[in-house]
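Participant: Here the protein sequences come in this chain order: A and B. Each number in the numbering used here comes from the position in the first sequence (counting from 1) with 28 added on. Each number in the numbering used here comes from the position in the second sequence (counting from 1) with 8 added on.
Incorrect hints may appear among the rest.
To be verified - These stretches of chain B come out as covered by chain A in the derived footprint (C-beta under 8 Å, 3 or more residues):
no., stretch
1, 74 to 82
2, 107 to 118
3, 160 to 169
Hints are computed from structural coordinates only; laboratory data are not their basis. Backbone N, C-alpha and C fix where the C-beta goes; we use that ideal spot for every residue, glycine too.
This is what each chain is made of:
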Amino acid sequence: MDKIVRLWTRYSGIYIKGLGGTLWMSAVTICIGTLLGIFVALLRMSKWKLLRAVADVYVEIVRGTPALLQLYFFWLVVPKVVHFPISDTQCIVLGLIFNAGAYISEIIRAGLQAVDKGQWEAARSLGLAERNVMSRIIMPQAIKNILPALCNEFITTIKGTSLASVFFINELMTSYKTVNSATFLAVQSLCIAGFIYLLLNVTLSRLVKLLERRLQSSDR
Amino acid sequence: MTDEIIRTEDLCKSFGKLEVLKGISTSIRRGEVVSIIGPSGGGKSTFLRCLNLLEVPTSGKVFFEGTEITARKEKINLYRQKIGMVFQSFNVFPHLTVLDNITLTPILEKKIPKAQAEREAMELLERVGLTEKAGEYPGRLSGGQKQRLAIVRALAMQPDVMLFDEPTSALDPEMVKGVLEVIAGLARSGMTIVIVTHEMGFAREVSDRVLFICDGIIKEEGPPEAIFTMPRDPATIRFLSMVL
Ligand SMILES: Nc1ncnc2c1ncn2[C@@H]1O[C@H](COP(=O)(O)OP(=O)(O)OP(=O)(O)O)[C@@H](O)[C@H]1O
Ligand SMILES: [Mg+2]
């Protein structure tokens, strides 16, 4: 315990920098991943078989392969196919987005499907245009299911960014590696990273609970 | 044929292997009140839902005011604006106030100014005794009130015809009368109505014509007096002896 405190006073800067990296990557991943997820969810509900099939294959690939493998793939392939210099971090964030987008599309699809079928039918029977059915009737109701699940996905993503340490990208697990190699206090330096993750995620999941309750009670 | 609102030609609908509608041809005249009766699973709801293409027919045609709406290129939502529909399960929008439930579509799709849409909505609410509820959310309404809201929500689009699918079947007995009165009032005002119902007394009283749909076809049709007092088809006789 003593050593942990000393380690923290000495190296807190590195951890905080790592935490910044973790939060930054997670936020970007969730934001762009959500846009991708919405797009993919819409594709998966489209009239056209081919679009549905493409989207389904994408989701299957993401769910059927390890996230680490996907990150390696992006890290290896993206620099070869783009015609401008791209950093490791950017490649990894792209990989994280690729991964999160599939899971988020599932969240969105499930949220939309949880809205009673009668709501679609009533909205359509009134003669609402399809995009208004979605934006005015279905989405506002689905958001209650989607938002909490999306916040949970944020927590999952925060944990997922730890994979980026494999590529020595600035984030919390990389901070652990840095501190460990400087001090050889492996367990202690790992515990500090662990505490930070725990603190962050417990706080976030409390907030999600709160949000969930707020959304429920607004269900008049 | 200007007074014909809806016509179906050899309408068929299958769900996978299950043939639900096996060729229904009929037409609904302007101002006519048509009741559809028949045993459960006979295809009454499916037929009604084909009229505004909530179900896409497997074959056959649906004409609305002379246009074939089953033809591919037609923008179906424009036709649906003229075909009101009321469901057994109300399907009011829980996230919108009573007033917004009614004004949403006129404002969005018919570009009616908000103030005018709200004025018209308030008039409709007054007609069904819901004036006080305008600002409430539907969660606070009783079943009967929800259904009356659903009816005026459809009426706000000023449809040429109203389709009702067992509008009182999900209601507590004491609520049924209020909703039926609203529908009867509509019928008296000259609205064209197609109603699937198990309320035989009501069907007999308000309709100009009764269709008995069973096993996916119109087994028998005619004025209510004829159907209810001297049915000819054995299936009709059996059905009526069970429900009357
Ligand atoms: N979306 C669907 N998918 C598969 N089968 C369906 C679907 N909708 C209806 N059916 C089937 O079609 C048949 C006719 O259903 P329909 O709802 O039209 O009957 P109905 O005459 O309205 O009966 P009820 O009086 O019980 O409402 C039933 O066997 C039903 O199970
Ligand atoms: Mg039915």
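Participant: Hint by hint, which ones does the structure fall short of?
Facilitator: 1
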